[in-house]
Structures are given as structure tokens and as C-alpha cells.
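Dock chain to chain to rebuild the complex, using the hints, since each chain is given by itself in its own frame.
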Amino acid sequence: MSGMVLELNIIRCIRDKTVLWRRGRCFFDALPGSKTLVLLDGSCIILFVIRRFYIHNFRCLENFELPVSGLSSALLIGDNGTGKTTVGLALEILQKIARRKNRVGELVKPRDFSRGRSDVPMRFEIEIELQSKVYEYSIAFELPEGFKELRVSNERLVVDGKPVYTREVARVHLAKAAQEKEASFFLDWHLVALPTVQEQSTKDPLFIFKQCLARMIILRPIPVLILGDTKDDPMLEPNPEMTNFGEWFSGLLDYAPSAYSKIDLYLKQVMPDWNDIKNPPARKDYSSLIVQFSNDKGNATIPFEDLSDGEKCFMICALVLAAIDAYGPLLCFWDEPDNYLALSEIGHFVIALRRASQSGSQFIATSHNPEVIRSFSDENTLVFHRNSHLEPTTVRPLSELQVKGDLVGAIIRGDLAS
Amino acid sequence: MQTGKSQLGFRLDPALLARNFQVLPVAGGWMNVLDIFLSDHIAGMYQRRDRHMVLLIDFDGQEDRLSLGKARIPADLSERVFILGARTTPEGLKKELGSYETIGSLMAKDCREGSDTVWRHHQLQHNAGEVERLRRNVRPILFAPS
Numbered sequence: 042m043s044g045m046v047l048e049l050n051i052i053r054c055i056r057d058k059t060v061l062w063r064r065g066r067c068f069f070d071a072l073p074g075s076k077t078l079v080l081l082d083g084s085c086i087i088l089f090v091i092r093r094f095y096i097h098n099f100r101c102l103e104n105f106e107l108p109v110s111g112l113s114s115a116l117l118i119g120d121n122g123t124g125k126t127t128v129g130l131a132l133e134i135l136q137k138i139a140r141r142k143n144r145v146g147e148l149v150k151p152r153d154f155s156r157g158r159s160d161v162p163m164r165f166e167i168e169i170e171l172q173s174k175v176y177e178y179s180i181a182f183e184l185p186e187g188f189k190e191l192r193v194s195n196e197r198l199v200v201d202g203k204p205v206y207t208r209e210v211a212r213v214h215l216a217k218a219a220q221e222k223e224a225s226f227f228l229d230w231h232l233v234a235l236p237t238v239q240e241q242s243t244k245d246p247l248f249i250f251k252q253c254l255a256r257m258i259i260l261r262p263i264p265v266l267i268l269g270d271t272k273d274d275p276m277l278e279p280n281p282e283m284t285n286f287g288e289w290f291s292g293l294l295d296y297a298p299s300a301y302s303k304i305d306l307y308l309k310q311v312m313p314d315w316n317d318i319k320n321p322p323a324r325k326d327y328s329s330l331i332v333q334f335s336n337d338k339g340n341a342t343i344p345f346e347d348l349s350d351g352e353k354c355f356m357i358c359a360l361v362l363a364a365i366d367a368y369g370p371l372l373c374f375w376d377e378p379d380n381y382l383a384l385s386e387i388g389h390f391v392i393a394l395r396r397a398s399q400s401g402s403q404f405i406a407t408s409h410n411p412e413v414i415r416s417f418s419d420e421n422t423l424v425f426h427r428n429s430h431l432e433p434t435t436v437r438p439l440s441e442l443q444v445k446g447d448l449v450g451a452i453i454r455g456d457l458a459s
Numbered sequence: 104m105q106t107g108k109s110q111l112g113f114r115l116d117p118a119l120l121a122r123n124f125q126v127l128p129v130a131g132g133w134m135n136v137l138d139i140f141l142s143d144h145i146a147g148m149y150q151r152r153d154r155h156m157v158l159l160i161d162f163d164g165q166e167d168r169l170s171l172g173k174a175r176i177p178a179d180l181s182e183r184v185f186i187l188g189a190r191t192t193p194e195g196l197k198k199e200l201g202s203y204e205t206i207g208s209l210m211a212k213d214c215r216e217g218s219d220t221v222w223r224h225h226q227l228q229h230n231a232g233e234v235e236r237l238r239r240n241v242r243p244i245l246f247a248p249s
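Note that the protein sequences, when read in sequence, are chains A and B.
Each residue of the first sequence is one higher than the one before, starting from 42 at the first, in my numbering.
Each residue of the second sequence is one higher than the one before, starting from 104 at the first, in my numbering.
Treat the hints with caution; some may be incorrect.
As the list claims (entries may be wrong) - Under the rule of at most 30 Å between Cα atoms (straight-line distance), these lysine-lysine pairs were calculated in the DSS-like manner:
#, chain 1, residue 1, chain 2, residue 2
1, B, Lys197, A, Lys445
2, B, Lys198, A, Lys203
3, B, Lys173, A, Lys445
4, A, Lys303, A, Lys338
To be verified - Covered by chain B, according to a simulated footprint, are these stretches of chain A (three or more residues, beta-carbon under 8 Å):
#, stretch
5, 197-211
6, 408-416
It should be emphasised that the hints constitute simulated quantities derived from the structure, not laboratory data.
For glycine and all other residues, C-beta sits at the position ideal for the given N, C-alpha and C.
Just chain B, same shape as in the assembly (with noise of 0.2 Å):
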């Protein structure tokens, strides 16, 4: 539950473009949010081109799970599609970094900044490909031009 919290802190940045963005019910575990993205998401992501979605999900110490998940996603929406998470689960960053909102805030910061204050924590430093893909692709649609 507490993982996707994150996502609060990230909206309320200032300078996101708020409506470009939604948030999904949290799906519960990772074979879950694979299972309901399969089944409920793909049909919408033919018809909206323009539409990407990110996968929030929990590691747990098997790093495997990105190509396990990302071999399930049909290769003509793989660039559209992103799988985050933290390496074993969220608490340790909470610990370290602050609220889930705090930690959600620095996440916006660094994706405005093209910074990765947050993104080099050991938790979080193994999503450094799919943070760079989003970097590229999303960072245009989340926030204007400075």
C-alpha cells in the first residue's frame, strides 16, 4: 500500500502539469500489477498513443522482475511502458529519505532537474535504465518548459 504513496508527494509539486497525470487504485503485488495492466490497460494504450503508463511494484530483494515483467508487455508498447520500484521493500527508504510524500516530492525534483538525489539510493539505484527512458519520454508531459 505505503509504495505507491510516493506518487502524493510527486503530485503536489508545483510545477507538475497535474492533469497530465492519473493515479491507478493500487493493484496488490507485483504479479497483480502485471496481471490488471495485461488485462485492463492494453486496449487503452492502442487507442491512446500518446498515453504511457508506469508499473509501481516491489522488488523484494529479485531484480529479475523487470525482464520478468517487461517480457510480458507486447513489444509495440514496451517504450510506452515503465517498471519502478524499490530493490527489497519502501520502509528503509522512508527511514533514510523521509515521508513517502517527502521522498515523492524529491522524486519530481529530480525529474525537473534531470537530477538523481533520490534515484542513487541503494534502493532505488537499480532503475537507473527505465529512469533515464522517462527522463526522455516523459519528462515533456509532466512538466512545461522552464
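Next up, chain A with everything else stripped away, as it sits in the complex (with noise of 0.2 Å):
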């Protein structure tokens, strides 16, 4: 006992200081709200954790805060309707806009204002820690009475408490940088700054902060239309369908070629007979991935598109997993992670996910799936409701909720929200 208690007493001591790492040990989910993950080697990681995430205002999320503040993985339930891909769709507005896309039409409609009521503006407020920083980005929409599109209404970046800029409606202003004057200048109000602010290196808050946003992994895959070509230049910023699986896996090993190692490794133990996977030319302008397997009877060449709706979600899995490991940390939100795949596999498919994600990332996870469910504790399943289409989302820990019995029973009689 006496060890344990040290060891915590270490963790309190350097909370808010180094962050340290000890292999195989990880107190992450034990200090909620803490600033730093701590596990206990020597060594320093790099912490990528969402603080806070406040929207409003959009769909069913109205005046919603996502509580996940310290929690290196969580899992959204609920019944259906009550918001939890929602959530999803909000951070991929931000990733949008972070991966260059600045059109507001582009990125949300008049429809999504909650009911309709567009005299209110649409926000979205996110606050990373990340890389020892405190990134507190936020943007607010509105639709003046004759507008088809949404416009800025205001819009900020602020790190470490120093705004990075300002804006309101058209008018932007540069906070003062070390050797830059401050400046202001004006832009269509229909277009987001933080694409257009420049940065000034790539060790710029600004850039780690676009960048981080960018590479988040958000995931809602359909196997179907996964048929592994790589068409375009290989990239790190995979879409939620992964209909540009080709590109991610290029852009992966591009940029890491023994995130190989990692991809391979995983395959192995849930298919025992993979081999490996090529990416051959296939015609003059794109490749197409070719999987093979083999055991003590032979060789089976299958291209990507063949493969079952589950092995390409393993696919999936495998290069999240290569990916918090070649450039992580990272945050994945992946919609319902256990469509597809056998009963047999889904936990060790989620558990894989939240052990990656000890290091320093954020998985999230919506699902109604028991075996999921059972992947998550009390203090890290968060529990969806809505008590009907004219009422916003609420949302709490189920730690709070002190369901008796069986979890997965309470559910099914329809007992969680009450």
C-alpha cells in the first residue's frame, strides 16, 4: 500500500508541473480536471486533452457544455436523437475550418440553428491543453434578418490568457507578437479568420493550434465507400467517412515510415493470417492497396475494396493506433466504433483505443452497444438526454446518476434518464 500512496503523492505534488510517465503506469482518469497526464518514467509527453467544448445554440445543443475535462476517454450514450453525434458534427465544424475550409455557407446552414431560431447567434467555444498551452478558441454565427448565409459575429484566439487576435463581424485585430506591431485589418464576414491569420513558423501557437485541430481523427466511417485508391497527394487529415483511407495511409507512412511496425503489429493480432499490404500503382494517375494473407496453406491476394465491412474498420483502427503513435497526441471522436464489427472483438477493438489514448490523446465514443458500454466506467461514460424535439440536450457523468443493477438493463428499460 504504502507504494501506491507515494505514487499518488508524487502525482499531487507535480500535477500542474512536468509531466512524467512511468511506462505501464497511468493515473490519467484518476485526476479529473487535472492539467497533466502523469505516469511515471522520467520522461516527458506531450498532453492533448479538450478542457472545455461549450456550444450553442446548434441542432439539439443549446447552451451544452461537453464535460471530458481530464478524461483521457469517454463514451457518449443516450437515446437516439439526444445529441451525441451532434457533438461529432461541432468539432467537425472546427476541424474544417482548421484544415483551410473558411466559407461559412460551407460550414454551417441556417438550419442548424436550434428551432430555427436564428435572432440568436450559433456558438462554439473549444479550449485545449496542449504541448503545456491553453488554446481557448471560440466563433459565434448569426443570420441578420435578409441574410441566406451566416455571417462571423465575432471570433478569437487566446493562449496561455494573450489573445492571439480578435474579431468583430468584418474587423479583425492582430494582438501585438513579440517583433510584430499590432495590426488590424477587414475581412468578408462570410469568411473565418483563423484560416487567413498567418503564422509565423511552425512553432508558432498558432500554426500547433490550426495544425492539432486539423489532425483530430473524427471518425463515422462507411466501409462500403472505403475502397482503399489514393487519388490525391497523401495526407494526415482523414475525412469521417475515410473514403480517403488511400491518402491517410500514404500521408502516414510518408511521414513516419515505422508507424508500419505499429499497423502491422495490431493486424497480426486481430487477423492471424494478414501478411502485409501494398500500395500498387493501378493506373497512370492513382494506386490501388492490395491486402495480403497467408498461412501454412497458402496465399490469398484480396484488394482493399474486397475486404469485409469489419476488417477495413480494423484498418481503420489500426492506423489511429500508427497514428497517436507517429504524430499524436491527438483527439479521435469516433461514432459508434463497434458498427460493423463482431461481439467477440468489439472490446478489445475499444480497449485498444483507450490504452493508445493513455499516452497523452483523447478518444471519444458515442454508442448504444453493450460490450462498449462495458469498456467505460461510471466516471467516464457520459450520459445523453432529451426530453423531447423542443428541448436541448443535457448531459451528465453517469457517476452521477447512481444507476443500481446492471447498467445495460437500465437502459434497455429505459430507467438512465430518470
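Given below as C-alpha cells:
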């Protein structure tokens, strides 16, 4: 016992200072609200965690705050239509902005206002802790009388309490940087400023923040659409449907060739006859992934697009794990990761993602599946509820609901939200 | 429901060979655990000679549950079946050691390193015999040799 108490005391002493790591030990989930991931073997690690995510007047989310601060992984549960997927869509809006999509009309539509309430601004605020800095970004959209497209009402980025820029409608004000004077300029109010404001270098907090948002992995895969073709340049920005799997695979291996060993290791575990994957040119302008399986009886070569839906999800999971390893820490939001998987695989699948996220990343899943629900605790399960389509979503940690007995049974009986 | 949540912390241990470990649904009550083991799992254990099972129960202050449970397990399977649980209920453990996931991760560490940080707790120390058997038989299955 004394050894453990000592460790916990060390953690309390250092929780707001240096982040330490000892291989095999993670206290992150045990310290809700902590600024640091504490694993102990003397080496520093980088942390990516959402400290605050606030959404207002967007679909069913009104004055909504997602309580995931201090959690390396979290599960969103609740009835259909309670807003779990909408949280992912809200994150996706910020991701699109960071991926240089700055036209407001391509990000949000008038129909996205909660119950058509367009006289109140739609607001997104995110607070991220990354590399010991706290980044606060907020953007509000409005729809003035007679407008067909929303415009930016206000926007700002603050790093460690210091504004990088602020914006009111069309006027953008750049704060004074180390060697730069403060400045103002006007920007089309239908354009978001974040992609437009130029960073000084790759060490510029603005660059780091944009990159971390752009590299968030938000997943709602549609396996039948994942063909494994690489038609565009390799990149590290997979789309939610994963239709650009081939480009992400190539981009990941370009960025970190050693990522292949991680992919290979995982796939060998879930598919023992897995051999390798190749990306040969299929035609002049694109290549196409092929997968090889082998055992003592022989080999089978299968085009990627002919893999089963579940096998494609294994491939995606392998890439997520390798990405966390290669260019993490990062946020992964996976909407119903249990889809397409065999019952015996679901728990292993989710635990693999949770384990990978312990080293500084954050994994958020939504699900209705009992196996996924059993892969999370009361402390990191968030219950979404909505009384009707006329009322907004509420969210509470399961630990506050004091559910007695079997949780899955309570969900089936509809007793969870009452 | 909560006792079983410590398995999560165990499964999250980065050194665990996670695919050698499967968690079954909560049975609800120590008698149910034994009943389900006898009705559903005996045949599988004869079929798979490398399968081991840990039955996780609450002792509710009645330590004779260990002997009562063991008496119902077929003798030729007894080497591969383990019965573990908190002396009364696990809430006290949580209060003193942290969340169930934290407790599970500490258990994994104990298992890996051969220590007994958690197992010395007064709510768990009665498991010493079963833990020793587990270390002998199951540790090599769960953790690769360092």
C-alpha cells in the first residue's frame, strides 16, 4: 500500500508542472480536472486534451458543455436523437476551419440553428491543452435579417490567456506579437479568420493550434465507400467517412515509415493470417491498396475494397493507433466504433483505442452497444438526455446518476434518464 | 455492477496481452456467477484446455463463500478456476484506492511485478491463496516475459 500512496503523493505534487511518465502506469483517469497526464518514468510527454467544449444554438445543443476535461477517454451514451453525433459534427466544424475551409456557408447552414432560432447567435468554444499551453478558440455565427448565408459575429484565439487575434464581424484585430506590431484588417464577414491569419513559423502557437484541430480524427466510417484508392496527394487529414483512407495510409507512412510496424502488429493480432499491405499503381494517376493474407496452406491477395466491412474497420483502427504513435497526441472521436464488428472483437477494439489514448491523447466514442458500454466506467461515461424534440440536450456523468444494478438493463428499461 | 469495473483498469495496462483476456457480462450476485459458470462454461473449459476463468464475486463479509464456491467446481477444473472478490463490498476500496479503473491498473501492476500493493488491502487480503495460484498459472498468459 505504501508504494501506491507514495506514487499518488508524487502525482499530486507535480500535477500542474512537468508531465512525467513511467511505462505501464497511468493515473490520468484518476485525476479529473488535472492539467497533466501523470505516468512515471522520468520522461516528458506531450498532452492533448479538451478542457472545455461549449456549443450554443446548434441543432439540439443549447448552452451545452461537454464534460470531458481530465478524461483520456470518454463514452457518450443516450437514446437516439439526444445529440451524441451532433457533438462530433460540432467538432467537425472546427476541424474543417483548421483544414482551411473558411466559407461560413460551407460550415453551417440556417437550418442548423436550434429549432430555427436564428435571432440568437450560434456559438462554438473550445479550450485545448497542448504542449503545456492552453488554447481558447471561440467563434459565433449570426443570420441578420434578409441574409441567406450566416456570417461571423465574433471570433477570437487566446493562448495562455493572451489574445492572438480578436474579431468583431468584419474587423480583425491582431494582438502585438514578440516582434510584430498590433494590426487590424477587414475580412469578408462570410469568411472565418482562423485559416487566413498567417503563422510565423511551425513553432508559432497559431500553427500548432490549427494543426492540432486539423489533425483531429473524427470518424463515422462507411466501409462500402472505402475503396483503398490513392488518387490525391498523401495527407494526414482523413475525412469522417474514411473515403480517403488510401491518402491517409500513404501520408502516414510518408510522415513516419516506422508506423507500418505498429499497423502490422495490430493487424496480426486481430487477423492472424494477415501478411502485408501494398499500394501498387493501378492506373496512370492513382494507386490501389491490396492486402495479402497467408498461412501454412498458402496465400490470398485481396483488393482492399473487397475486404469485409469489419476488416476495413480493423484497418482504420490500426491507422488510428499508428497515427497516435506517429504524430500524436491527438483527439479521436469515433461515432459508434462497434458498427460492423463481431461481438467478440468489440471490447478488444475499444480497449485498444482507450489504451493508446492513455499516453496523452483523447478518445471519445458514442455507442448503444453493451460491449462498448462495458468497456467504460461510470466516471468516463456521459449520459445524454433530451425530454423531447422541443427541448435541448442535457449531459451528466453516469457516476452522478447512481444507477443500481446492471447498467445495460437500466438502459433497455429506459430507466437511465429518469 | 461496479466490482467488475476494476477489470477495465487491468485491461488498460499497456503491457497486458489484451487479446488473451476476455470479459463476460455481469452475472448479478455470487450464486448467479457460480450457476452461470456451471451451466455455460464447463463444456468450453473441457474443450479448451488452455482456458482459465476468474469468477469475480462480492463476499459480503462471508468468507466461506470461497469454500462453498470451490466445492461446486468440478475437481478436474479446479486448477484453472479462481474465485476473487472484496471482503464486504468494493465501495470501501474505491474510497481508499481511487476509481475502479485505478484499482484495476494497480492490480495489473501487482500481477506484472509480483508485488501485492493492492492485495494487502484489508478488503482483499483474504484472496492471497487464489492470487498466488493466479500468479503461478496465469501471469505468463497475460504478460509477455520482460
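TODO: Sort out whether Lys445/A lies within 30 Å of Lys197/B, counting only the CA atoms.
DONE: 16 Å, holds
Task: Hinted pair Lys198/B and Lys203/A, Cα distance within 30 Å - done: 40 Å, violated
TODO: Mind taking a look at whether chain B covers the stretch 197-211 of chain A? Criterion is 3 or more residues with CB to CB distance under 8 Å.
DONE: violated (count 0)
Open item on the list: For the stretch 408-416 of chain A, count the residues whose Cβ lies under 8 Å from any Cβ of chain B; is that count three or more?
Closed with: holds (count 3)
Open item on the list: Need the status of pair Lys173/B, Lys445/A: alpha-carbon distance at most 30 Å?
Closed with: Holds, at about 28 Å.
Task: Agreement of Lys303/A and Lys338/A with the hint, judged by alpha carbon distance not exceeding 30 Å - done: Between Lys303/A and Lys338/A the Cα gap is close to 26 Å, so the pair holds against 30 Å.
Checked against the numbered hints above, the structure violates hints 2 and 5; every other hint is satisfied.
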